[in-house]
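Protein chains: 2
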Amino acid sequence: MRVPRHIGIIPDGNRRWAKKSELQKEEGYDHGLDPGLRLLKAAQELGVQEITYYGFTVDNCKRPEKQVLAFQKACVDAVRLIEGENVDLYVIGNTESKFFPQELLPYTQRKQTVSAAPVRVNFLVNYGWEWDLRKGFGFLRSQSISRIDMIIRWGGMRRLSGFLPVQSVYADFFVVDEMWPDFQEEQFNRAILWYQKQDVTLGG
Amino acid sequence: MRVPRHIGIIPDGNRRWAKKSELQKEEGYDHGLDPGLRLLKAAQELGVQEITYYGFTVDNCKRPEKQVLAFQKACVDAVRLIEGENVDLYVIGNTESKFFPQELLPYTQRKQTVSAAPVRVNFLVNYGWEWDLRKGFGFLRSQSISRIDMIIRWGGMRRLSGFLPVQSVYADFFVVDEMWPDFQEEQFNRAILWYQKQDVTLGG
Numbered sequence: 002m003r004v005p006r007h008i009g010i011i012p013d014g015n016r017r018w019a020k021k022s023e024l025q026k027e028e029g030y031d032h033g034l035d036p037g038l039r040l041l042k043a044a045q046e047l048g049v050q051e052i053t054y055y056g057f058t059v060d061n062c063k064r065p066e067k068q069v070l071a072f073q074k075a076c077v078d079a080v081r082l083i084e085g086e087n088v089d090l091y092v093i094g095n096t097e098s099k100f101f102p103q104e105l106l107p108y109t110q111r112k113q114t115v116s117a118a119p120v121r122v123n124f125l126v127n128y129g130w131e132w133d134l135r136k137g138f139g140f141l142r143s144q145s146i147s148r149i150d151m152i153i154r155w156g157g158m159r160r161l162s163g164f165l166p167v168q169s170v171y172a173d174f175f176v177v178d179e180m181w182p183d184f185q186e187e188q189f190n191r192a193i194l195w196y197q198k199q200d201v202t203l204g205g
Numbered sequence: 002m003r004v005p006r007h008i009g010i011i012p013d014g015n016r017r018w019a020k021k022s023e024l025q026k027e028e029g030y031d032h033g034l035d036p037g038l039r040l041l042k043a044a045q046e047l048g049v050q051e052i053t054y055y056g057f058t059v060d061n062c063k064r065p066e067k068q069v070l071a072f073q074k075a076c077v078d079a080v081r082l083i084e085g086e087n088v089d090l091y092v093i094g095n096t097e098s099k100f101f102p103q104e105l106l107p108y109t110q111r112k113q114t115v116s117a118a119p120v121r122v123n124f125l126v127n128y129g130w131e132w133d134l135r136k137g138f139g140f141l142r143s144q145s146i147s148r149i150d151m152i153i154r155w156g157g158m159r160r161l162s163g164f165l166p167v168q169s170v171y172a173d174f175f176v177v178d179e180m181w182p183d184f185q186e187e188q189f190n191r192a193i194l195w196y197q198k199q200d201v202t203l204g205g
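Chains as they are written, first to last, in the working numbering: chain A, 2 to 205; chain B, 2 to 205.
Hints were generated in silico from the structure; no laboratory data involved. Incorrect hints may have been included.
Identical chains blur together in the list; that is why a pair holds if it fits in one copy or across any two.
Listed below are the simulated DSSO-like cross-link pairs for lysine-lysine, each with C-alpha atoms no more than 30 Å apart in a straight line [stated by the list, open to error]:
(1) Lys198 x Lys63
(2) Lys198 x Lys99
(3) Lys198 x Lys20
(4) Lys198 x Lys26
(5) Lys42 x Lys99
(6) Lys198 x Lys67
None of these values were measured; they are calculated from a predicted model.
Next comes chain A alone, as it looks inside the complex (with noise of 0.2 Å):
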């Protein structure tokens, strides 16, 4: 079995599940929460070494008042949620900008876990494309990251949106069509089917 070592996830849909759930938009966010930790632990059991959570974008920020706190929230919850696996968790994003949730802060040095085999699980928050390349000569904020072998999108869109794009740049890119908080194990599962069929060229 061939697994990824880095897996990037873009959990995209919750404001149309909830629209479709009839609810409204920003009561989304809280239904993505169990699907990320159960994402985690088949992704856990599998071998991945490495996951990258898309949380929110300095972009999303530009969104009504109620839909930025409830995804604020919502990553916040998720991080408490996560921190309580084995896992080298690892917050990264503008932190020097007001749409940064401050209880995120302490997460945002990477700290060495001393249980074994911890995957490391970063999260993106506030984080900005240009934020990340803009730090000067050769540098990236995000370059304790590493490269990603495949990137899982859900909500049916083929866009990167922004999502790391050095890391991102031979990932092989795996769209769901199912809503993310409608995820289920099955999809994983086919993502990583389908990865079995790629071939890691690099771009060689």
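Dock chain B against chain A, hints included.
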């Protein structure tokens, strides 16, 4: 009709096509010239304003010499073929390496054509994403190339393979399973139809 302003083209599958056609791998590239011209004409007719073709990359040059010579030649031929059209032609890539075809040096300065409504056509030749990003603080070597609305990749692979990471951050990504030498206008039309159903959020 929603017309993408700028389309990126990843013309992959030339070697697999050659193998399938019982030719030598390096013989595939030559069969990608006519598709490139036909695609340009179809895009022009639709009102697309800018097209970027993925010629070859720094990474590609690690392949056997026969293949390298073949795709270098195909790029030179493609540029000469397209030059005859109503286009504003621009070649960009690492000209300081021995892999850059000297015949294409004159095209690395963007010239402004005087003809009516020319399409901008960019050719990435001996391009490398690292080379592009490493110029210095906040600069891209490819900065005269604009944001890409849609990327169409032939040959079934669902990855960017280092294609203009910054211009591609918000691009919608459409994959055609057929190999590039098997190009048909119908495939391009399929991509454009699909694009009608996408919304432009620019990450918002």
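We went through each hint and held it up to the structure:
| no. | hint | in the structure |
| --- | --- | --- |
| 1 | Lys198 x Lys63 | between (39 Å within a copy, 23 Å between copies) |
| 2 | Lys198 x Lys99 | neither (44 Å within a copy, 34 Å between copies) |
| 3 | Lys198 x Lys20 | between (36 Å within a copy, 19 Å between copies) |
| 4 | Lys198 x Lys26 | between (37 Å within a copy, 21 Å between copies) |
| 5 | Lys42 x Lys99 | neither (32 Å within a copy, 49 Å between copies) |
| 6 | Lys198 x Lys67 | between (42 Å within a copy, 27 Å between copies) |
The structure shown violates the earlier hints numbered 2, 5.
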